[in-house]
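Chains as they are written, first to last, in the working numbering: chain A, -16 to 326; chain B, -16 to 326.
Keep in mind that the hints were calculated from the coordinates and are not lab data.
Source: prediction; values computed, not measured.
Ideal Cβ positions, reconstructed from N, Cα and C, are used throughout, including at glycine.
There may be inaccurate statements among the hints.
Some chain A residues near chain B, calculated using beta-carbon distances under 10 Å [stated by the list, open to error]:
1. M152
2. H321
3. E322
To give an idea of the interface, some chain A residues facing chain B are shown, with a C-beta separation under 7 Å as derived from the structure [claimed, not checked]:
4. K149
5. R150
6. D154
7. N175
8. A229
9. D249
10. A277
Number of protein chains: 2
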Amino acid sequence: MSGSESVFLKAVRREPTPCTPIWLMRQAGRYLPEYRAMRARHSFLELCRNPDAAAEVTLQPVERLGVDAAILFADILLLLEPLGVGLEFAKGEGPVIHRPVRTAADVARLAPIDVDAAVPFVFETVRRARRALAGRVPLIGFAGAPFTVASYLVEGGASREFLHTKRLMYDEPEAWHRLMDLLADATARYLNGQIAAGAEAVQLFDSWVGALGPDDYRAYVLPHSRAVMKAVTGAPVIHFGTGTAALLPLMREAGGEVIGLDWRVDLDAGWRAVGLDVAVQGNLDPAVLLASPAIIRERARAVLERAAGRPGHVFNLGHGVHQATPVEHVKALVDIVHELSAR
Amino acid sequence: MSGSESVFLKAVRREPTPCTPIWLMRQAGRYLPEYRAMRARHSFLELCRNPDAAAEVTLQPVERLGVDAAILFADILLLLEPLGVGLEFAKGEGPVIHRPVRTAADVARLAPIDVDAAVPFVFETVRRARRALAGRVPLIGFAGAPFTVASYLVEGGASREFLHTKRLMYDEPEAWHRLMDLLADATARYLNGQIAAGAEAVQLFDSWVGALGPDDYRAYVLPHSRAVMKAVTGAPVIHFGTGTAALLPLMREAGGEVIGLDWRVDLDAGWRAVGLDVAVQGNLDPAVLLASPAIIRERARAVLERAAGRPGHVFNLGHGVHQATPVEHVKALVDIVHELSAR
């Protein structure tokens, strides 16, 4: 059920629901045979740029799993294409940026991102997916948060240590803030465009922000994430990160109607850290989905018990579904959460 | 000054010191030109197995930097060689284990580790390094904690997601605990052997334990880490991990005279989380050492201010020195900490 009556949107608003809603990050992905069949015919970027195909992928987990929300099929780096930094989705390697942005001069060369020109296909995917969902469940849009997107731009791809990113932050703070301003501005317009096209909630992925300590988060990230969330209107924002146990109060301060928690913090402790007056999303370890269904049941129950039936819990993993996950385990989790949380 | 009068050992005992002692994880490593000169002539394993060379490397940062402790040059995986799992230190890749231990049957095939036969060269390195130090500063020995060592054994090398490790934990808990028992037993004998050979403190590296949530830590790790620390006698233990913001009270419960904190938690908040009645070590982000000396000074000062001059703080990074770090920045940090903390 879409619109304001859906269990997902009610939970986001912290209203009582008949059961705890569940959706899963990367629920449209490689663990699904029907997704792999699409990918056999199209590259990742081709899929993203083809609104019919991307809308189809967006709906696959809704059909297969019975999740309570769909999430747009896209990538957090699509917005970077017009920057001319040589973005490539290399096979098996994840994204590569061939001309990383590492100095004040590199930052100065960046032109503002013309969002409408950059990602018209994303907005079209949102429109088609929303239409195809036909009110069954709400559609979630998303974008990368400024820090996480900046980290790819500066490192040139995925990173463990974020040394270039931190060096730019520490040694060239003006350039850093200029880069973050540019990204925050584009991100807000991108999310508002998705909402205008039909997204009923949006998630801001600050996936790698847990690499920072609280002082760095406060100085270099918080103002920009807050700027994004202040500028987004018309739909609630889910503010997500991993490894954020010590950052949670600051993430709350930055904004979001829902704060994402990963499994490295107990759900009840995490909820207290962000405040019981905000909704939370999480927080099963995705690795649990590779264990037996009996274990999945036991661990899902533990997460639900820590939520204590309090309105405002959206069940999810602490990060995306891993591609090695058996699809029947994912289906089992959705059913288990609905069954155990039925009120 | 070695022995009980050293600033390092006094801080470990939470006694007042004239200044805050500092040593750095991976202080003997690739960022040092004199280390790179040694590595040009010897492979990593050759260096570890050659007590004269390893003792020389152990002393290099003491001569160059004026740190308040030396740490044994060795590797946490050396102890695994007798298991016959095909351990190799591959160039540029880090350690590889060619025959990973992933099932109950794999675990059942493992024979207990004969520590004295496995690493006589480590004990000899400790003896020679201690002699060469001649009482200037204390010598720290170390070992990998059972979880972190097990994660290499099960994954076959470094990992981001630890999926095989968690699957073994969840689906075959008896095999997991048998593996952890075997490692805990060998680790305790290894550390006691280093202490007998002259190590004046030891660090237990549970570097990757932050991949787990608190429930998993309590069930699958804590009993084994505690067993190691209970069995170690004659020298204080520094209990170290990264990404542990939500695990700190449990790490304290597991044991250690000093608890290591990484930069993802504020030092004062981390110290309160482990309890003010235990010493702490940390917690500057190693990335700060790649920034300018003015930034290094500012950030070192912030760490010292959070320690508030309370006895029981050993200054360190939150993880090892990165190989791209300018050696003069490392030297500057040591001097800055001594200067700013002079009482």
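Results of checking the hints against the structure:
1. M152: holds, 9 Å
2. H321: This hint is violated: H321(A) lies away from chain B, its Cβ roughly 22 Å from the closest one there, beyond 10 Å.
3. E322: violated, 21 Å
4. K149: holds, 4 Å
5. R150: Check passed: Cβ of R150(A) comes within 5 Å of chain B, closer than 7 Å.
6. D154: Since chain B brings a Cβ to about 5 Å from D154(A), closer than 7 Å, the hint holds.
7. N175: violated, 32 Å
8. A229: holds, 4 Å
9. D249: Constraint on D249(A) satisfied, holds at 5 Å.
10. A277: violated, 9 Å
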